[in-house]
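*Asks:* Here the protein sequences come in this chain order: A and B. Counted the way our numbering counts, the first sequence spans residues 771 to 1028. Counted the way our numbering counts, the second sequence spans residues 116 to 224.
Keep in mind the hints are simulated off the structure, nothing from the lab. Be careful, since some hints might not be right.
[Claimed, not checked] Now the stretches of chain B that chain A is said to cover, found in silico as 3 or more residues with beta-carbon under 8 Å:
1. 129-137
2. 151-162
3. 172-182
4. 194-208
Only a predicted model underlies this, so the values are computations on that prediction, with no experimental measurement involved. Idealized CB from N, CA, C, for every residue including glycine.
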Amino acid sequence: MSAHSTAIEVSSKRGVWGGGNEPLKASYGKLMMWFFLLSDIFTFGAFLITYLAIRVSYPAYAGAAETFTGSNEYWPVPELVFEALPFLHGVHAPLIFVGIMTFILIASSVTMVLAVEAGHRNDRSEVVKWMLWTLLGGITFLSCQAWEWSHFIHGTDAGSVLTYVNGLGQTVTETVFGANLMVNEYGPGSFAQLFFFITGFHGFHVTIGVFLLFLCFYQAAVGVYDKRGHYEMVEKIGLYWHFVDLVWVFVFTLFYLI
Amino acid sequence: MEIQENKSTLQVAPRNEEKIKKIWKTAAIMLLITVAEFIMAFTMDRGILLYSLFIILTIWKAKYIMMEFMHLGEEAKPLFYSIIVPLIFLVWLVIALIKEGSDIFLMRW
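Whenever a hint applies, use it, and build me the whole structure from the sequences.
*Replies:* In structure tokens form, the structure reads like this:
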């Protein structure tokens, strides 16, 4: 798809180095989106690699799954932490909910790429249709994450008995329920901190993505892109949305599988 | 009328069925990889083998997202490499920090 090119035609006299060339053959907006995403890859990369480094600095839980209790002495097994489902209290369903979330985000990425494809064909009604599906997927994902966080913060019925240094500098032994930035019932303090920071930063990106998707959906629906003569905005916002999916693929593996 | 003016002057091209089919095929592959990861998480023993498989499958999925969904492969070669080549730095960072983390583990426990 070649959107309107602002570059001046290169005359043979000016040659390659005479200016007015488009060596990357992409519009300004698309290039900037790509380079922004590259910088964002480094930010998320730093977060996720920090997770890896801290995770390998703790022993892993080695006992049987049935007898698992959270402790700040070892890193928890993710499938024994993330095992709850909304409306089904007390049901042991390891990783099912996060699997559904992953599926929703991948599905919304697919509908996004279908919207981009429709944009290439200047097909307004299809763009609007697929953008709406993508928007729905994004909102559903965010809602799921809100529930996931809420459950993580409130914790299980039993909690875990932990010995830790509290905010006043005292060493206490007590039953801890749920998680905060200080202490959590699942594992070492950094487990919950990393969970909050990484899924929170990702969720923040999804939130911005949902705003952008809505903007794009609205502009497509009222015909802004038809007037403009091209649907490149769908493509640029699509790049961002796929990136959010890309990051989730890594978050999913590192947090929930490993 | 305002709405009349909004009527498209752009020519709507016909659907490229082959492209759309490819998108759905990619989606199916990604779904299958995720399901495979799920099954592996519950059937295989935790260890280096399982973790390496997870990371290989994840990078495989990332490749599909970047090449098929973000169309990075269709961009001009200089743009393609200016996105891919800097990621080499991350490889170094992964190796360095995993080493660092395991050394901290040895000192602490």
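*Asks:* Any of the earlier hints contradicted here, and which numbers?
*Replies:* Going through the list in order, the structure violates no hint and respects every one.
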